[in-house]
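Trainee: Read off the chains here:
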Amino acid sequence: MEEATVIDKNFKTEPYQINMGPQHPATHGVLNLLLTIDGEIIKKVEPDLGYIHRSIEKMCEADSYQQIVHLTDRMDYLSANINNEAVCLVVEKALELEVPDRVKVIRTIIGELTRISSHCLWWGVMGMDVGALTTYFYGFRDREMLNDIFEETCGARLTMNYNVPGGLMFDIHPNFVKRVKKFIKHFKTKIPEYDRLLTGNVIFQKRTKGVGVLSKEDAISFGTSGPVARASGVSCDVRKHHPYSALDRVTFKEALKTEGDTFARYQVRIMELWESLSIVEQLIDNIPEGEYREKTNAVIKLPKGEYYQKVETARGELGVYVISTGTKNPYRFKFRSPGFSNLSALNHMAVGGKIGDLVAIMATLDLVIPDIDR
Amino acid sequence: MTNEALQNLIGSWFPNSEATPTSEVKESPETAEVSEEPDEPQKAINPSLLEFSEEGSEFLNVTVQPEHLHDLMSRLKNDKQTKFDYLFCLTGVDWEPELGVVYHLESTTHRHNIVVKVKTADRENPNFDSVWDIWRTAEFHEREVFDFFGIKFNNHPNLKRLFLTPNWEGFPLRKDYVDEVNMVTK
Chain E
1 MEEATVIDKN
11 FKTEPYQINM
21 GPQHPATHGV
31 LNLLLTIDGE
41 IIKKVEPDLG
51 YIHRSIEKMC
61 EADSYQQIVH
71 LTDRMDYLSA
81 NINNEAVCLV
91 VEKALELEVP
101 DRVKVIRTII
111 GELTRISSHC
121 LWWGVMGMDV
131 GALTTYFYGF
141 RDREMLNDIF
151 EETCGARLTM
161 NYNVPGGLMF
171 DIHPNFVKRV
181 KKFIKHFKTK
191 IPEYDRLLTG
201 NVIFQKRTKG
211 VGVLSKEDAI
221 SFGTSGPVAR
231 ASGVSCDVRK
241 HHPYSALDRV
251 TFKEALKTEG
261 DTFARYQVRI
271 MELWESLSIV
281 EQLIDNIPEG
291 EYREKTNAVI
301 KLPKGEYYQK
311 VETARGELGV
321 YVISTGTKNP
331 YRFKFRSPGF
341 SNLSALNHMA
351 VGGKIGDLVA
361 IMATLDLVIP
371 DIDR
Chain L
375 MTNEALQNLI
385 GSWFPNSEAT
395 PTSEVKESPE
405 TAEVSEEPDE
415 PQKAINPSLL
425 EFSEEGSEFL
435 NVTVQPEHLH
445 DLMSRLKNDK
455 QTKFDYLFCL
465 TGVDWEPELG
475 VVYHLESTTH
485 RHNIVVKVKT
495 ADRENPNFDS
505 VWDIWRTAEF
515 HEREVFDFFG
525 IKFNNHPNLK
535 RLFLTPNWEG
545 FPLRKDYVDE
555 VNMVTK
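These protein sequence lines are chains E and L, in that order. Quick note on our numbering: the first sequence kicks off at 1 and runs consecutively. Quick note on our numbering: the second sequence kicks off at 375 and runs consecutively.
Hints are computed from structural coordinates only; laboratory data are not their basis. Incorrect hints may appear among the rest.
Said to hold, decoys possible - Lysine-lysine pairs mimicking BS3-like chemistry, simulated, CA-CA at most 27 Å apart:
{"#": "1", "chain 1": "L", "residue 1": "LYS549", "chain 2": "L", "residue 2": "LYS493"}
{"#": "2", "chain 1": "L", "residue 1": "LYS491", "chain 2": "E", "residue 2": "LYS328"}
{"#": "3", "chain 1": "E", "residue 1": "LYS240", "chain 2": "L", "residue 2": "LYS493"}
{"#": "4", "chain 1": "L", "residue 1": "LYS491", "chain 2": "E", "residue 2": "LYS58"}
{"#": "5", "chain 1": "E", "residue 1": "LYS257", "chain 2": "L", "residue 2": "LYS451"}
{"#": "6", "chain 1": "L", "residue 1": "LYS491", "chain 2": "E", "residue 2": "LYS301"}
{"#": "7", "chain 1": "E", "residue 1": "LYS253", "chain 2": "E", "residue 2": "LYS190"}
{"#": "8", "chain 1": "E", "residue 1": "LYS9", "chain 2": "E", "residue 2": "LYS58"}
Claimed, not checked - Among chain L residues calculated to face chain E with C-beta under 8 Å, some are:
{"#": "9", "residue": "LEU423"}
{"#": "10", "residue": "GLU432"}
{"#": "11", "residue": "GLN455"}
{"#": "12", "residue": "ASP459"}
{"#": "13", "residue": "PHE462"}
{"#": "14", "residue": "CYS463"}
{"#": "15", "residue": "THR465"}
{"#": "16", "residue": "GLU513"}
{"#": "17", "residue": "LEU533"}
{"#": "18", "residue": "PHE537"}
{"#": "19", "residue": "LEU538"}
{"#": "20", "residue": "PHE545"}
Note that beta-carbon positions come from the ideal geometry of N, C-alpha and C, so glycine has one too.
Assemble the whole structure, with the sequences as input and the hints as a guide.
Mentor: Structure follows, in structure tokens:
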């Protein structure tokens, strides 16, 4: 009997490998992480990508510029409008086409509403990832209002394709202003509710504070952008540094935190909800009258040269790099997607933590896999 | 720093030994127009081993020989005046027949940009030095370029296919890639 209780003090452990995903709920899509773990401690995270790679960049080389816009909302589908805007802006920049004021303001409003809708979904899913299922329903409830607004004006709820080179596909719906104002009024009472439900929760704070710390130097070196970098104290908001559309005529604060941990990234996004709401509020009463679209040629040919345009999506900096040889198709069309660079920092942030921490870190990286697998 | 000042500074790091010392006198710093290198009188030998151009791009473009790439990059990152600490885009390009990589850099302190290009005519075994030790983000981006263009990066810690399966044949983003089944050509 006594033999059974003898514990070998020289018991050795060795790291082993385990697959997380591609069907794991916390990876939010088909992402496979090859974890090297020692017990519960993570030694290495190696992302295995490509499960839904569609080679959008190669497809672009055979498409016209109007067609390319439609591919972009299949990348980061939660920032569909902002992705569309990036391609439209780069085409307009190359053609030196000045779009009407009305277009600029509507683009910015729709872009910020998209950001709010994306952050709503992120907030719901973030709570769910760390074990608070209620947040999921709260987040989706508020996002639903925005989806209805988008549906009325853009004709779709997810892949809007509302922007076209030169302007917008069609004018805003007569109800648009009224419904957006109603949403602002509604949502202003909801963000404090988000805070009461999750931000102050002790369990939530224990799961997130001091977890997955990314220093400022590393944040820059890993090329992170968006809320991930801003939570580490990197001032990188494209809307501030390279304003586009109507963003130069609004005032807003860049959400910045210096802790660099999961909780800081959470707070930055909550702050961004307020700022986006304020941007929409400043513009919604001042939508200028005018055309909603500048005429372009049916066949758009960009002058020979190279063009780069960056925009701030809900995940960070989306860059569009076009090399044109003067034909109707681009020679090379590169998307610098925010999720791809943010993912590269994951290994660095997760090593030394527990598997549960990895889930929390993944939640605040806010990965959208089609954005990584372009 | 303005593009012009950047060009003068970075150009001086890699002096061309073939250029006569007098060619430096031609640089007149008053206006941006005069010092644009391609327009210099009678095609003087470029005083620098780097080639600069702003043509058809909003950024200053530098073309560097592959053997100087890593040297240039680490100086761009570490020099106090340039401090390009943010590599925001790394693109593989097939220029036919040349293969190359385009690096977009920004400085988070000085807020200036530069584009570095490197090319090679070797399509069988193209290789450049990796810059992952300078910017960590390059590790992922270079794997993507290797995956789609077959460009190898020396000293890369983990150079293997990123998106495609290991047994995939060919490099899809090259212009001469053919796939009868999946590619629609118009």
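Trainee: Hint by hint, say whether it matches the structure.
Mentor: Now the hints, each set against the structure:
no. : hint                 : verdict
1   : L:LYS549 to L:LYS493 : holds (15 Å)
2   : L:LYS491 to E:LYS328 : holds (25 Å)
3   : E:LYS240 to L:LYS493 : violated (34 Å)
4   : L:LYS491 to E:LYS58  : holds (21 Å)
5   : E:LYS257 to L:LYS451 : holds (25 Å)
6   : L:LYS491 to E:LYS301 : holds (25 Å)
7   : E:LYS253 to E:LYS190 : holds (20 Å)
8   : E:LYS9 to E:LYS58    : violated (58 Å)
9   : LEU423               : violated (22 Å)
10  : GLU432               : holds (7 Å)
11  : GLN455               : violated (18 Å)
12  : ASP459               : holds (5 Å)
13  : PHE462               : holds (6 Å)
14  : CYS463               : holds (4 Å)
15  : THR465               : holds (4 Å)
16  : GLU513               : holds (7 Å)
17  : LEU533               : violated (14 Å)
18  : PHE537               : holds (3 Å)
19  : LEU538               : holds (6 Å)
20  : PHE545               : violated (11 Å)
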